[in-house]
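Peer 1: Which chain is which? The protein sequence lines are A, B, C and D, in order. Our numbering puts the first residue of the first sequence at 873, with every later residue one more than the last. Our numbering puts the first residue of the second sequence at 873, with every later residue one more than the last. Our numbering puts the first residue of the third sequence at 8, with every later residue one more than the last. Our numbering puts the first residue of the fourth sequence at 8, with every later residue one more than the last.
No lab work stands behind these hints, which were simulated from the structure alone. Be careful, since some hints might not be right.
[Claimed, not checked] Here are the simulated lysine-lysine pairs, PhoX-like style, with alpha carbons at most 25 angstroms apart: (1) Lys939(A) / Lys79(C); (2) Lys1058(B) / Lys146(C); (3) Lys1058(B) / Lys1023(B); (4) Lys1058(A) / Lys1023(A); (5) Lys1058(A) / Lys79(D); (6) Lys1006(A) / Lys1006(B); (7) Lys939(B) / Lys146(D); (8) Lys166(C) / Lys1006(A).
[What the hints assert, rightly or not] Partner residues aside, some chain A positions facing chain D, computed with beta carbon under 8 angstroms: (9) Ile874; (10) Gly891; (11) Met953; (12) Ala954; (13) Ala955; (14) Gly988; (15) Trp1037; (16) Val1068; (17) Leu1070.
Since the model is a prediction, treat every value here as computed from it, not as a measurement. All residues carry an ideal CB built from backbone N, CA and C; glycine is no exception.
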Amino acid sequence: MIDKRYENAREALHDVFDGAAIMISGFGDAGVPHELVDALVDHGATDLTVISNNAGGGEIGIAALMKAKRVRKVICSFPRMAASHHFEERYRAGDVELELVPQGNLACRIEAAGAGLGAVYTPTGFGTLLAQGKETREIDGQMYVLEYPIKADFALIKGLTGDRWGNLIYRKAARNFGPIMAMAAKTTIAQVSNIVELGAIDPETVITPGIFVQRVVKLVPAAAAAVAAA
Amino acid sequence: MIDKRYENAREALHDVFDGAAIMISGFGDAGVPHELVDALVDHGATDLTVISNNAGGGEIGIAALMKAKRVRKVICSFPRMAASHHFEERYRAGDVELELVPQGNLACRIEAAGAGLGAVYTPTGFGTLLAQGKETREIDGQMYVLEYPIKADFALIKGLTGDRWGNLIYRKAARNFGPIMAMAAKTTIAQVSNIVELGAIDPETVITPGIFVQRVVKLVPAAAAAVAAA
Amino acid sequence: MQRMTREQMAARVARDIPEGAYVNLGIGVPTMVANFLPADREIILQSENGILGMGPAPAEADIDWDLINAGKQPVTLLAGGAFFHHGDSFAMMRGSHIDICVLGAFQVSVTGDLANWNTGAPGSIPAVGGAMDLAVGAKQVFVMMDLMTKTGESKLVDKCTYPLTGIGCVTRLYTDVAIFELGLDGAEVIEMHGGLSHGELEAMTGVPLRSRLPA
Amino acid sequence: MQRMTREQMAARVARDIPEGAYVNLGIGVPTMVANFLPADREIILQSENGILGMGPAPAEADIDWDLINAGKQPVTLLAGGAFFHHGDSFAMMRGSHIDICVLGAFQVSVTGDLANWNTGAPGSIPAVGGAMDLAVGAKQVFVMMDLMTKTGESKLVDKCTYPLTGIGCVTRLYTDVAIFELGLDGAEVIEMHGGLSHGELEAMTGVPLRSRLPA
């Protein structure tokens, strides 16, 4: 029997290694697998490359990774946000390398990795600092920049509901990078709020088919748990 | 009020022009918008470039277009199928140009068009006849072929249910090329079995958001109509 | 000279957005345009984080932090809206499916170059988000900004001195004193507020301006 | 010499497909492998036309022409299955998410080159479908075919004479008389049926063969 369910976040992250490239879904707070990232802090893996839209804010999630000095490099589009002081501190100290990527190029480079493409020509960023030193080409009268795939060893993503084959659905705009990161990582670990029987998710509405997900772990988000306990 | 609904196939196709590039969804019979294609035959537009997985079989759909000598060029992956005699006849007569594309390259070239990419490096086809004369490149130890987007003036696709904003859901494996062709054509015309009120399609389950669909027309497939009448 | 307020500018931009348009409103002042869209037009707002059919801000009790806009503010979803992932969202932008995007700017050049992501100030942490994708991908790029900096320099310039977001991408510039169409032929004034003369406007900006207005 | 039947070959391939594998079975004989998958293993079949979790053929009354496999035959969907579009389907292949694909072939070279889409016969109409994508993308490519043509020529060759589908992509070759592992070092016999000697097999194929079998 295929069973991708894991008992807890610690076990789901057991083989994360120092130096790993890790994708983390989310835009703002929506879709960030905070509980998985907290478990990654506890895990202790260091020298990580983090691929995410943001570089963490406040004290939890990626910010906690930053604070614990576990991150060697960040690939993201928008590191500067409310309360991104932990990233800023490490960045200014020269501890963290930043690869700033336009958000759509981040998305399509992740998609290229998932789809096995070698590189893509994208119009975004042409003529800007973010394309400096990159190969360019004119195609049909428009200028494009050659961009390479972004792959990862692990993707930590957040779904709403999953099953033991790894099928996932998401919740509203928390979907964001989850589906494309799931396709681009060797090992995709999804935290979900519910795990259901096989077949309970309508096959027409599956957003991430299980083939892209290696591990599913039910984690009740801390905020929801607090509400439930109140 | 945005209202993309059309009364009938004829009106939905009113501005198709001679020489147009037309995508037609479907794999085998599933997802082929037969009734729209029949209306295209009646419309009379000629000198068409047809982009589709197959080149038509039997007497209806793309085969009827072939028979009526409306097609100048076919871009497809699998023109030879059961009862593809109309394509074969025109092809052997030298009337129809064939651009044979591996199915996955067909898909990713259509996706590239929809996503505004200038070109992509794909591993598929490297070292084969279908990559002859094409630019290649070694990336990270693997060889890739440079492939360009396939765009279209019109896409004729088949959904299950639509609404007046053009949101679509599909039915089982009839989904196939519909969602990616919708993104790659200037004007996408979707035939659906049902049109519902705005909001009746769960926003989590919309497969093709209305932004990619310009016209929606309710057409009862002939087979279904025959069953209903029996 | 009377300058338009931000609300007035937002209302003016909103007037130019036609029925049926798919529109992305950038973070900050452009977001205000949503408040002024005519009630008799159906206009569909896209948010880069995977939303089509964004509605107004929710009541406090209805706030859902999984339903936010690009500025991370809570929003709602209209009937007919849809969710999708970041790949599809940026395909919408890059693939020219968005009719109009409205962005803020530090500088805009007379030929439509846009600088809105980075002042290049030493020690600043750069952040780009979706600005470059929108700039290059939307069918029309509207910029709204004050014409002058607080220190009196024109933000409509011959050539941007700040790092570029995109080249020749801005089609129309809405400012607090005039509206310009931009293109390869340079800037053309299409509307003026506050009673400036053409010469005064040229003097303020320091760039040559054509005009579509009666002399 | 006794040769395996197609059913026996399909059963033999099925034995090598492990629990949990994501598998794509090519059109024709490879499709038969599905009938022999061990009941005690969960193996997930992918179909290029947008299906994961394909089940067996339906009863006549349950045939649904919107639910077909790559060979256009009616199939069913297992609980846990999913539908997706062609872009995602071929991303699964090209992106190396499929563990094993099983294909037929006209010729296979000792280093794993595959020729299975076109005999190059004059006047034939070429059709490629998804063969090239599967060949290049699946983690392992199994080919099943008769070792010899009807006219007695080996289909395992030093170098393919038919147009190629992919280069160095076939990892394992299942034939009616032997099973081979292929790679940069050439072909290695890992299993033989029907009592041929190694020398006889080499003589039949005309290519040098290493062997993992006891001499």
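Peer 1: Let me make sure I understand: some of the numbered hints might not hold for this structure. Which ones are they, in numerical order?
Peer 2: Those not satisfied are hints 5, 7, 10, 11, 12, 13 and 16.
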